[in-house]
Amino acid sequence: MEYFLEQVINGLQLGMVYALIALGYTMVYGIVRLINFAHGDVFMVGAFIGYFGFTNWNMPWPLAIVVAMIICAALGMTIERLAYRPLRYAPRIMALIAAIGVSFFIEYFCSLKFMFGPNYRVVQRPFEEVYWSIGGVTISNIQVLIFVTAVIMLIGLQYLVYRTKLGAAMRTLSFDHDTARLMGVNVDRTISLTFGIGAALAAVGGVLYAIAYPQIFTFMGIMPGLKAFTAAVLGGIGLIPGAMLGALIMGQAEVMTAAFISSQLRDMIAFSILILVLLIKPTGILGKTQPEKV
Amino acid sequence: MRVSKWVALLTVILFSLSIIAGCGGGQAPPPAAAEEIKIGLIAPLTGDVKTFGESVKNAFELAIEESGNKVGDFNIKYVIADDRNVATEAVNVADKLITQDKVSAIVGSVTSSCTIPISEVAQAAGVVVISPTATNPKVTVDAGNRKDFIFRACFIDPFQGTVAARFALDELGAKTAAVLFDQGNDYTIGLKDFFKEAFVAGGGTMLAEEAYAKTDTDFSAVLTRIAQLKPDILFLPDYYQKASLIGKQARDKGITAVFLGGDGWDSPDLDFAAMEGGYFTNHYSPEDPRPVVAEWVAKYTAKYGQTPDALATLAYDATNLLLAAIEKAGSKDPAAIRDAMAATDGFQAVSGSISFDENGNPIKSAAILQVKDGAQKFVTIVDP
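Chains as they are written, first to last, in this note's numbering: chain D, 1 to 294; chain E, 1001 to 1384.
Treat the hints loosely; a few may be bogus.
As the list claims (entries may be wrong) - Using 25 Å as the maximum straight-line C-alpha spacing, the simulated DSS-like pairs for lysine-lysine come out as follows:
#1 E:K1214 <-> D:K113
#2 E:K1303 <-> E:K1070
#3 E:K1096 <-> D:K113
#4 E:K1328 <-> E:K1077
#5 E:K1377 <-> E:K1364
#6 E:K1038 <-> E:K1328
To be verified - Derived coverage of chain D by chain E (criterion: at least 3 residues anywhere in the stretch with Cβ under 8 Å from a Cβ of chain E; other residues may be distant):
#7 8-19
#8 120-132
Treat the hints as calculated values from the structure; they're not laboratory data.
These figures come from a predicted structure and were not determined experimentally.
Virtual Cβ for every residue (Gly too), placed ideally from N, Cα, C.
Taking the hints into account, I'd like the entire structure generated from these sequences.
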């Protein structure tokens, strides 16, 4: 039983990191119907900035997270401004291809020697790991940190979307761009901010990921990005609670497969769940046929 | 639209810049005098095992420098290529060395997963390859067919895996073991298979065999399970980066097993704190008492300011083996070099006396090292 609970916690840890990435996918999709494939690479940039923050620039780690959020938000908004805005009224496939291009561009650009370089780096954790044993189940402070951060981010995001003017603008946009503009919504600015917020969340995910699994390299964003995207689709793309739920399911599916079946089947089973959900309920677990999307 | 065109232009310029930057690493041609022989070096100078590539490049250049840039009647011109430890990239650079630079022989590459595809390309083109360190059997033989242009300066995984298993059983008194291996890497699969075979044959029990993908960084599920099984040995037959990452997470999960690994651990970038107390099999130890070793260590340390690791040593041996073969052949025709190389008998290398068996594998002994107090300590030598 303790063994099972410990695996559940391992799954939660992974799922929460996916959730932070998935929120960005789902927000951007909800508003501009664009799958931002560069999102996983923003996550990578966040991990590197966090790493530089607490190893090279000697910042306290919470400050390093904030710096990573700011830089990644700027990066997200820049990507939107340069690569997606000019294509906003072009056929959707073009924006999608541009997104793939941006993703590769960031990966290879960051691999250059004067950027992050192509080498793997071992992350020295900025604080000591502490383990608590609660009823035979071991929990580390890193796991608690990830859990708490993810929940705070989720609540903050729900507040932003449903209680603020920006959130109202985002929700309006998700229905119809032209009508929103007639209603006085600044479309470009709102979309830009959406990208910024999504990128900042990915940055938090990146730094936490680097602390939990202490090794980073410039192609590290590909797999978590893909899995977070899958999680967003699984939960119902465009829905914030859906992204969270999907991510938790993905995390548990992976860990439970590795723990009780075989580590070789881990990715296969996680993605099989996605296919099954799409076959049975194509809008995702929480999706309705006409969902209000943000 | 005006803005988007500028954006497109800027992007293209940046891309071109990155391509130019990525193509560095070539060598300026030395002034042409006598006839020239071209030798290629392929090594992972960047990427996840870059310390391997750096060691190999240093030693290769030292060996060429010692020859005075000459072998027999030829001036040596060499071309260095980076495969980033990516198999497709290794094939690209091997193609370039063979078709554009027209090299007679290649030293490289370092890892088995890159050297196996290179060996196919080189064998088809009839260019001699000597890998300093690729330990997988498939480098020189595929499905029973000997690739007769391909050689190596190191022992192979069946030997290394077997030595590790014997050491665990006899010296550490281990009864049970668990292993984590990369399901896409010929090197770690080979070591795992031969370790398991010898460990089980010697009366040990394998409690768990867990696979992961090269990009995986989360091992918590598998390690939580292994922590329950309490094995005596945790065998981690991967390169230093992955072994360090898994080792760290394993200790995080409270696993107390002795870590055991192969020559892939031999790097100054190994996480010595996490891997403390672990043992690994290697090709040589700088603490080996033979005088040739002391002389080599002094030479390398004087030039590069660090003790040569096994990769540097094997690269030095591989380069010297190749130069000796070229000299004996007296020709830059790869077929003649191949014949001279195959006839090598009792070549006195730093890592031991080298003769090739019928599959191009040297017959030599292995060293066991321990990670202790943040350094590598020589434990023993095991003969084949």
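Now for the hints, and whether the structure bears them out:
1. Proximity of E:K1214 to D:K113 is assessed by CA-CA distance (about 22 Å); at most 25 Å being required, the pair is judged to hold.
2. At most 25 Å may separate the alpha-carbon atoms for a hinted pair to count; E:K1303 and E:K1070 meet this at roughly 20 Å.
3. Only pairs whose Cα atoms come within 25 Å are accepted, and E:K1096 paired with D:K113 is accepted, the gap being roughly 23 Å.
4. Distance check on the hinted pair: E:K1328 and E:K1077 sit about 18 Å apart at the alpha-carbon level, within 25 Å; holds.
5. Of the pairs offered as hints, the one joining E:K1377 and E:K1364 holds, with about 21 Å between alpha carbons and a cut-off of 25 Å not exceeded.
6. Restraint check: the Cα-Cα separation between E:K1038 and E:K1328 comes to about 16 Å, which is no more than 25 Å; the hinted pair holds.
7. Residues of the region 8-19 of chain D lying with their CB closer than 8 Å to a CB of chain E number 4, which satisfies the three-residue condition for coverage.
8. Restraint check on the region 120-132 of chain D versus chain E: 3 residues with Cβ-Cβ distances below 8 Å, three needed, restraint holds.
In this structure, none of the earlier numbered hints is contradicted; all agree with it.
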